[in-house]
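*Asks:* Residue numbers (our numbering), protein chains in the order written: chain A, 181 to 683; chain B, 8 to 494.
Honestly, I wouldn't trust all of these hints.
[As the list claims (entries may be wrong)] Below, a list of computed lysine-lysine pairs in the DSS-like style, where the Cα atoms sit at most 27 Å apart: (1) K164(B) - K290(A); (2) K346(A) - K292(A); (3) K552(A) - K623(A); (4) K208(A) - K292(A); (5) K446(B) - K346(A); (6) K292(A) - K171(B); (7) K385(A) - K660(A); (8) K290(A) - K346(A); (9) K208(A) - K446(B).
Since the hints were made in silico from the structure, they are not lab data.
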Amino acid sequence: MNQLGFPLLSLIIFLPLCGAVVTLFLRKEAVIKWWALIVTVANFFLSLPLYFYFQSGTAEMQFVERIPWMLSLGVSYHLGIDGISLFLVLLTTFLIPVAVLSSWTYITEKVKEYMILMLLMETSMVGVFAALDLILFYVFWEATLIPMYFLIGIWGGERRIYAAVKFFLYTLAGSALMLVAIFVLYFMNAQATGRPTFDLLELQKFSVPLAAQTWLFLAFALGFAIKVPLFPFHTWLPDAHVEAPTAGSVILAGVLLKMGAYGFIRFCLPLFPAAFAYFVPLMSILAIIGIIYGSLVAFSQSDVKSLVAYSSVAHLGFVVLGIFALNAQGLSGGILQMVNHGLSTGALFLLVGMLYERRHTRLIDEFGGLWKQLPLFGIFLLIVTLSSIGLPGLNGFIGEFTILVGTFQANWIYAALAATGIVLGAWYMLTMLRRVMHGPLDKPANRQLQDLSAREIVVLVPVVIFIFLIGLFPNLFFGKMESSVDTLLSQTRATISMGEPNP
Amino acid sequence: MNISSLNLTAIAPQIIIIITALVVLLAELFTGRKSLLAYLSLLGIIVAAIASWYIWNGTEQRLFAVPMFQTMAVADGYSLFLNLVFLVTAALSVLASINYLVRERINHGEYYALLLLATGGMMLMGSATDLMTVFLALEILSISLYVLAGFNRADLKSGESALKYFLLGAFASGFLLYGIALIYGATGTTNLAAIVDFLKGTGPMRGTYLFIGLGLLLVGFSFKIALVPFHMWTPDVYEGAPTSVTAFMSVGAKAAGFAALGRLLLYAFPTLLGDWVWALAVLSVLTMTLGNLTALAQTNVKRMLAYSSIAHAGYILIGLIAANEAGMAGVLFYLLAYAFMNVGAFAVVIAVGREGEPNLELSDYAGLGSRQPLLAAAMAVFMFSLAGVPPLAGFFGKLYIFSAAVQAGFVALAIIGVLNSVVSAFFYLRVIVYMYMQKPIVEARPVLAPPLALAIALAVLGTIGLGLLPTPFLTLAQQSIAMLFGA
Numbered sequence: 181m182n183q184l185g186f187p188l189l190s191l192i193i194f195l196p197l198c199g200a201v202v203t204l205f206l207r208k209e210a211v212i213k214w215w216a217l218i219v220t221v222a223n224f225f226l227s228l229p230l231y232f233y234f235q236s237g238t239a240e241m242q243f244v245e246r247i248p249w250m251l252s253l254g255v256s257y258h259l260g261i262d263g264i265s266l267f268l269v270l271l272t273t274f275l276i277p278v279a280v281l282s283s284w285t286y287i288t289e290k291v292k293e294y295m296i297l298m299l300l301m302e303t304s305m306v307g308v309f310a311a312l313d314l315i316l317f318y319v320f321w322e323a324t325l326i327p328m329y330f331l332i333g334i335w336g337g338e339r340r341i342y343a344a345v346k347f348f349l350y351t352l353a354g355s356a357l358m359l360v361a362i363f364v365l366y367f368m369n370a371q372a373t374g375r376p377t378f379d380l381l382e383l384q385k386f387s388v389p390l391a392a393q394t395w396l397f398l399a400f401a402l403g404f405a406i407k408v409p410l411f412p413f414h415t416w417l418p419d420a421h422v423e424a425p426t427a428g429s430v431i432l433a434g435v436l437l438k439m440g441a442y443g444f445i446r447f448c449l450p451l452f453p454a455a456f457a458y459f460v461p462l463m464s465i466l467a468i469i470g471i472i473y474g475s476l477v478a479f480s481q482s483d484v485k486s487l488v489a490y491s492s493v494a495h496l497g498f499v500v501l502g503i504f505a506l507n508a509q510g511l512s513g514g515i516l517q518m519v520n521h522g523l524s525t526g527a528l529f530l531l532v533g534m535l536y537e538r539r540h541t542r543l544i545d546e547f548g549g550l551w552k553q554l555p556l557f558g559i560f561l562l563i564v565t566l567s568s569i570g571l572p573g574l575n576g577f578i579g580e581f582t583i584l585v586g587t588f589q590a591n592w593i594y595a596a597l598a599a600t601g602i603v604l605g606a607w608y609m610l611t612m613l614r615r616v617m618h619g620p621l622d623k624p625a626n627r628q629l630q631d632l633s634a635r636e637i638v639v640l641v642p643v644v645i646f647i648f649l650i651g652l653f654p655n656l657f658f659g660k661m662e663s664s665v666d667t668l669l670s671q672t673r674a675t676i677s678m679g680e681p682n683p
Numbered sequence: 008m009n010i011s012s013l014n015l016t017a018i019a020p021q022i023i024i025i026i027t028a029l030v031v032l033l034a035e036l037f038t039g040r041k042s043l044l045a046y047l048s049l050l051g052i053i054v055a056a057i058a059s060w061y062i063w064n065g066t067e068q069r070l071f072a073v074p075m076f077q078t079m080a081v082a083d084g085y086s087l088f089l090n091l092v093f094l095v096t097a098a099l100s101v102l103a104s105i106n107y108l109v110r111e112r113i114n115h116g117e118y119y120a121l122l123l124l125a126t127g128g129m130m131l132m133g134s135a136t137d138l139m140t141v142f143l144a145l146e147i148l149s150i151s152l153y154v155l156a157g158f159n160r161a162d163l164k165s166g167e168s169a170l171k172y173f174l175l176g177a178f179a180s181g182f183l184l185y186g187i188a189l190i191y192g193a194t195g196t197t198n199l200a201a202i203v204d205f206l207k208g209t210g211p212m213r214g215t216y217l218f219i220g221l222g223l224l225l226v227g228f229s230f231k232i233a234l235v236p237f238h239m240w241t242p243d244v245y246e247g248a249p250t251s252v253t254a255f256m257s258v259g260a261k262a263a264g265f266a267a268l269g270r271l272l273l274y275a276f277p278t279l280l281g282d283w284v285w286a287l288a289v290l291s292v293l294t295m296t297l298g299n300l301t302a303l304a305q306t307n308v309k310r311m312l313a314y315s316s317i318a319h320a321g322y323i324l325i326g327l328i329a330a331n332e333a334g335m336a337g338v339l340f341y342l343l344a345y346a347f348m349n350v351g352a353f354a355v356v357i358a359v360g361r362e363g364e365p366n367l368e369l370s371d372y373a374g375l376g377s378r379q380p381l382l383a384a385a386m387a388v389f390m391f392s393l394a395g396v397p398p399l400a401g402f403f404g405k406l407y408i409f410s411a412a413v414q415a416g417f418v419a420l421a422i423i424g425v426l427n428s429v430v431s432a433f434f435y436l437r438v439i440v441y442m443y444m445q446k447p448i449v450e451a452r453p454v455l456a457p458p459l460a461l462a463i464a465l466a467v468l469g470t471i472g473l474g475l476l477p478t479p480f481l482t483l484a485q486q487s488i489a490m491l492f493g494a
């Protein structure tokens, strides 16, 4: 259904692309920056009707567009969103202007190329969350690699080339098998139903033979697990995060990682429900290892940015745990936690970037007592840290709490183990806060630091607003995803119980 | 036999190309400006393309075959689509050659004549329906290419390249001829249609001669399209030959080989394909894997592209092995995509070089992104497309071929294929790393000659265009293979 009668999703996807094409012809750096900002902010406001016109009572896809693309193969340009993808689209359109504005002074070289890549990034990421055709999804999924590869490789730190290539190859390797699995699924469905199609909604109606489900699930899951990243596929992440420019880290943590978790919900769950249920223990245990291992490694980091990077491994572990709890709380908690993590970790990366711009180091030992020098910065860092460790009243609490409630219903041991992650998270985040902000201001270099500029406040304030908004009014968000989550789960349960008792 | 039964209209594209070649050869005597010959060649290529289009449209339905020269050759959708591939390759190569030849001081008129003759041979291979025609066309093509490979007489490497190519090419022709002889011995004919009839008559019984004959034929073709382990000549020949020739033959000769092989295997010997399919699968796996792994170790861009072109033959072979309509349409689409992206990549290699400095090492590409942003962007497009990243032409080529393999039940081949593309991404990315992420060593900005720039621009257009709008070309490819399966 498309309640607007207007291809809004396409507009949101391709407006940045058009903006990028126009950028090609602009010359002055200042003009390019403003242009990129205007386009991305406009795109955010353009995406707001998605929320306001979204009908919460239905699990149907909304704002649907469907045009045949490669007719003979059954590939179509099929877009649509439901309660699961709605917030991820909004998160993307929200974080990109933030990222653009945060690069204002950080990026001094090749500004034009940088902004073009940012805009291309937005096009491909919104495409991933809105695509309902497997080939279209795959195209967008792979297309996100190119701009991010350049963002890390050109504007990154010391070891940027290593990090960029590792990022590219890991993700490409992960998704390669997914492509073959897509073909296998396609031909199985075509043989069984006689209608060759890559359409997700059509393929969901086809119940894949149990023996094949396992393999297909694994092929899809590998690609998604690398993207999330799930332990032990996480090793590309710290490299990519540490080397990427601030905006790159924000996008990487804020949106790209979510593509993996989203993939599990959107593709693995409805297409291979029996295999999904079968792999619950394995995936949950990997998620828990990720939570605990990520937290412990984060604690031992001397670089603030890699600390935040490892904390992402832990946080995404929560998201995956929630998804694999296979109940409404776990799933909707997981979805909300994706948004939360995008906001709080995105903000952490922004703050670390601001610190780095001033001091040109990210080593925790180089700081201390910054509160006296940078009170405004301190307030923001405090709020974001508390959001990240899940203080009630802020967004992180809602997500983690809902996930744990869901996990507890599924398996209390998992929930107990995962809860230690919350304690560990508070431990390393607060330690970092103490060592950076409190204590004596004993490093002379820190005495010259300037507090946040107006631009930086403009960057941070919207993020903080949403941190409070989700924390105080979670039902603004849960309400929209409820029917989609419930329908998805009841369909899945129906399919699982129809299958053999021991898949 | 009167002249009308020869059906000259159907063979018009080939005739136009050959006549243009001869005209170029003659015109060289009367003109001092060699670039005129290039434009004359381009004119011939365009006219031949129009003629192909005219034949395509001149029939009621696409399921047509216009036999000529008493069924020695045919003009059908398959051959006409391949004409498009060959003519695109030839046109881009001619454009890329014009200034390169001046720079390398090898600006002789025969170059264009030989290039056109080779193109004529390729087009004939696509339309050959008799083993004798296949052989004849292959020789026209090969002999022209031997000369072209050694065209830079002053360069020892070029001479070495020509000699190697000639010796191994002659060897391969020997295999081919022996195979044709055995097939003739077994079936009593060299005509493909007659062979089809003969095989229908014999039913499931297959002679040993036929089996060995087809095997020898495959060995011959494997040499020509450089399948591992018959690829030994390729890197040296591709590296030594003038770059414009490498661009031309790495696409054209390969496409011609696949063109003839496709018609032989799918039209004439579909029943025998089963006997050889596992051998082909092994060849394809070896070709992809070895090509990519060896390319990883190269620091010379031209040599890297040579190994990469070996690997691509492996991917394309998967489409033939699948032996279904999707696979063959995929092969045709892939060849067209490959023509744009590979000739484009070599054209960039030409553009990076300067007089006296070929600039073939990866380090010569350092900082190209800031020295010549457009050129670097074009190379990046070709590299991503060769690596198979969407939404570029190379991705859709692989998509069609691998999906056809899955459809035919060769899931393992498809998996090995995609894993190979991942490996290949590493060395394609390395070029991009050098261009965008390394500081330039030299600050000079070589000026791009307009024809070369046009060639690169057209190749970029093709690579992106086939990626964003693959449907019309895929439909064309699907229509054009109907003949192979419909007969």
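*Asks:* Need the list of violated hint numbers for this structure, in ascending order.
*Replies:* 1 and 6
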